[in-house]
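This is what each chain is made of:
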Amino acid sequence: MSGNKEEEDPRINGIKTKIRVVPDFPKKGIMFQDITTVLLDPKAFKDTIDLFVERYRDKNISVVAGIEARGFIFGPPIALAIGAKFVPLRKPKKLPGETIFEEYELEYGNDRLEMHIGAVEAGDRALVVDDLIATGGTLCAAINLLERVGAEVVECACVIELPELKGRQRLKGKPLCMLVEYR
Amino acid sequence: MFASENGLKGDPRLEAISAAIRVVPDFPKKGIMFQDITTLLLDHKAFKHTIDIFVDRYRDMQISVVAGVEARGFLFGPSIALAIGAKFIPLRKPGKLPGKVISESYELEYGHDRLEMHVGTVEPRERVIIIDDLVATGGTLSAAISLLESQGAEVVECACVIGLPEVKGQHKLKGKPLYVLVEPSGVDEFC
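Just so you know, the protein sequences line up as chains A and B, in that order. Letter 173 of the first sequence, counting from 1, is numbered 173 in full-length UniProt numbering, and no numbers are missing. Letter 16 of the second sequence, counting from 1, is numbered 16 in full-length UniProt numbering, and no numbers are missing.
Because the hints were derived from the structure by calculation, they are not lab data. Be aware that a few hints might be false.
[Said to hold, decoys possible] Derived BS3-like pairs (lysine-lysine); straight-line CA-CA distance at most 27 angstroms:
1) K16/A / K96/B
2) K46/A / K93/B
3) K59/A / K100/B
4) K94/A / K93/B
5) K45/B / K46/A
6) K166/A / K91/A
7) K96/B / K166/A
8) K27/A / K94/A
9) K16/A / K46/A
[Stated by the list, open to error] Selected chain B positions facing chain A (in silico; Cβ < 8 angstroms):
10) F34
11) L41
12) G85
13) L97
Owing to the predicted nature of the structure, the values given are computational and were not obtained by experimental measurement. Note that the Cβ used here is the ideal one computed from N, Cα and C, for glycine as well.
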């Protein structure tokens, strides 16, 4: 799935054509990868989920961690299909119970990702899901949160990768599975 | 209306769903008993029951759009959409959607907030359900209904996992039916 052209699943092109690129959002120079248009096509959305489910169903994944907010769209359907728990990783102050947090860098300043204490246990095998990987900062923070509570992060799964930003190298050695590259 | 009044009385799945929801007192501020659905998401069977009940209800109602309210509506809406073959439309806080949007404001306890939707995502007369985790005053759902109706869609029903006491007996929201699975859990129930 992640980049071997000769073996590319025919469903992937259908998904790629549904992604809308919005120039200069949220600011000038950024070519924003809009997945909301994939969600408007039931077949493309189903294919996206199916591709991940087929990959992970026999890997004994016990938890799918999704990054707010677009990771909440892809993560739960995958979790439900593979029999795993779903854990939301959220911006600060959204989760009501006791949390741990991990800081990560933005272009200007830092932000934080939080996870509920007790949601993930030592020995859980985890999959981290987001719509897109850019610099890898958020995913790295997610991996850190999961590892701090003793989970094993098996893989990160994203619909889209921006390979020029080299996010793949910031995943603490964890593999990345993506469906579509944008260069 | 509550699911137990509408064909699911005594359904053990509703008890399992209710039991899986955690109450967090005094969040986000003193006096609020926050209904935390993240514990429901940790219980695969109960989470699946939640989705199944909504899917069973909506699969034969020719629903072509599921609209989910950011962010907890995103946790339930997409799975329902996938199972019934509908589009999923995220209704978001201001500034998050990258394309052309319409917006509707709604009241908070102090002040206002806005909900946005991409233009051109629903056709006139498309049949829509709106999903959120919880309905309290109905302000957010009312804004969601306005957004969808302004695009010509027909809102068939609003659906929530939890309904606060204010909505009991209030079966309709802006004239639209409301379908709720469970009442709020009490503090003691989670042990």
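Comparing the hints with the structure gives:
The straight-line distance between the Cα atoms of K16/A and K96/B is roughly 21 angstroms, inside the 27 angstroms bound, and the hint therefore holds. About 25 angstroms separates the Cα atoms of K46/A and K93/B, which keeps this hinted pair within 27 angstroms; it holds. As the CA atoms of K59/A and K100/B are separated by approximately 41 angstroms, the hinted pair breaks the 27 angstroms bound. Using a Cα cut-off of 27 angstroms, the hinted pair K94/A and K93/B holds, with the two alpha carbons roughly 14 angstroms apart.
Of the pairs offered as hints, the one joining K45/B and K46/A holds, with about 21 angstroms between alpha carbons and a cut-off of 27 angstroms not exceeded. At roughly 24 angstroms between alpha-carbon atoms, K166/A and K91/A fall within 27 angstroms of each other, so this suggested pair holds. Between K96/B and K166/A the alpha-carbon distance is near 24 angstroms, which keeps this suggested pair within the 27 angstroms criterion. A threshold of 27 angstroms between alpha carbons decides the hint, and for K27/A with K94/A the separation of about 26 angstroms falls inside it, so the pair holds.
Pair hint K16/A plus K46/A holds up; C-alpha atoms about 13 angstroms apart against a cutoff of 27 angstroms. Taken as an interface hint, F34/B checks out: its beta carbon lies about 5 angstroms from the nearest beta carbon of chain A, inside 8 angstroms. This hint holds: L41/B has a C-beta 4 angstroms from the nearest C-beta of chain A, less than the 8 angstroms allowed. Given hint, G85/B at the interface with chain A, holds; its Cβ is 5 angstroms from that chain's nearest Cβ, closer than 8 angstroms.
Residue-level restraint check for L97/B holds (minimum Cβ-Cβ distance to chain A is 7 angstroms; threshold 8 angstroms).
Violated hints amount to a single one, hint 3; each of the other numbered hints is respected by the structure.
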